[in-house]
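Trainee: Sequence:
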Amino acid sequence: MRVLVGAAARGRPRQYQKEIAAVLPASLRNAVFRFDLGDSDDDWSDGIEDCDAVILTSRGLGRRPIQRARRLRFIQKLGIASERVDIAACRDRGIKVSVLSDAGHVAVAEHTIMMMLAAARGLLATHHAVVRGDNPLNLRPIRTTQIQRYPNWLGLPESDFPLLCDLTLGLIGFGEIAREVAARTRSLGVQVIYTKRSRVDRQTERRLRPPSSVNAKSR
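Heads up, the sequence shown is in numbering that gives the first Met the number 0, so the first residue is 0 and it goes up one at a time.
Check the hints yourself; a few may be wrong.
[Unchecked claim] Label pairs and their computed distance ranges (CB to CB):
#1 LEU23 with SER158: 51 to 57 Å
#2 ARG183 with ARG72: 31 to 37 Å
#3 ARG183 with ALA21: 22 to 28 Å
#4 GLY169 with ARG67: 37 to 43 Å
#5 LEU122 with GLN16: 39 to 45 Å
#6 ALA102 with ARG67: 42 to 48 Å
#7 VAL130 with ASN151: 14 to 20 Å
#8 LYS195 with LEU136: 43 to 49 Å
#9 LEU122 with GLY61: 44 to 50 Å
[To be verified] Cut-off 35 Å, straight-line C-alpha distance, at most; resulting in silico cross-link-like pairs (DSBU-like, lysine-lysine):
#10 LYS17 with LYS95
#11 LYS195 with LYS95
#12 LYS195 with LYS17
In short, the hints are calculated from the structure, not lab data. Computed from a predicted structure; not experimentally measured. We put the beta carbon where it would ideally sit given N, CA and C, even for glycine.
With the sequences and hints as input, model every part of the structure.
Mentor: Set out below in structure tokens:
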């Protein structure tokens, strides 16, 4: 089996080799992996002509190389943005396309949401207040219950703690990580606005948020 890994010109084939070797099942130990680095979706090396499968990281695959890939039967796209893969050309050839979230993109998206929550809740300031033992309202210690408690023991303005569902999230660019962020803010009820040179397709927007909650601005 011959597998061609397509990545951007800045790609790191040695790192890819290590990552592939770490997860490759025994049944694929005899597979031959080659790498094609470039920024064009259409200009691929001759390796595209005799590969059985293609793994795409930060690169697309246009109709022209798909037509050249006479043995190609399967494409694995790492990352949820698939518009740079000519799906129609794959359908014409009977080539299966699979899309998989990139673990690195997911990790950054989760970190982004963590920072959003921390900022909205004033996490750093209130943490330092706890460490210092601040008690500006001179509250006495009590055993808290559902009824008896001190919900705002620092006496801070309620406007300092907005709910994320009352805010609008603006995403500058709408690539892999931004889409992972948008998908995860769905459960928080956050309004999402993104900017991109060209608007993504309606199906992608519906997947990330209900149509009524996503506004797209392109320029």
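Trainee: Evaluate each hint against the coordinates.
Mentor: So, going through the hints one by one against the coordinates:
no.: 1; hint: LEU23 with SER158: 51 to 57 Å; result: holds, 53 Å
no.: 2; hint: ARG183 with ARG72: 31 to 37 Å; result: holds, 33 Å
no.: 3; hint: ARG183 with ALA21: 22 to 28 Å; result: holds, 26 Å
no.: 4; hint: GLY169 with ARG67: 37 to 43 Å; result: holds, 41 Å
no.: 5; hint: LEU122 with GLN16: 39 to 45 Å; result: holds, 40 Å
no.: 6; hint: ALA102 with ARG67: 42 to 48 Å; result: violated, 31 Å
no.: 7; hint: VAL130 with ASN151: 14 to 20 Å; result: holds, 18 Å
no.: 8; hint: LYS195 with LEU136: 43 to 49 Å; result: holds, 47 Å
no.: 9; hint: LEU122 with GLY61: 44 to 50 Å; result: holds, 46 Å
no.: 10; hint: LYS17 with LYS95; result: holds, 26 Å
no.: 11; hint: LYS195 with LYS95; result: holds, 28 Å
no.: 12; hint: LYS195 with LYS17; result: holds, 34 Å
Hint violations for this structure: number 6 only, all remaining hints satisfied.
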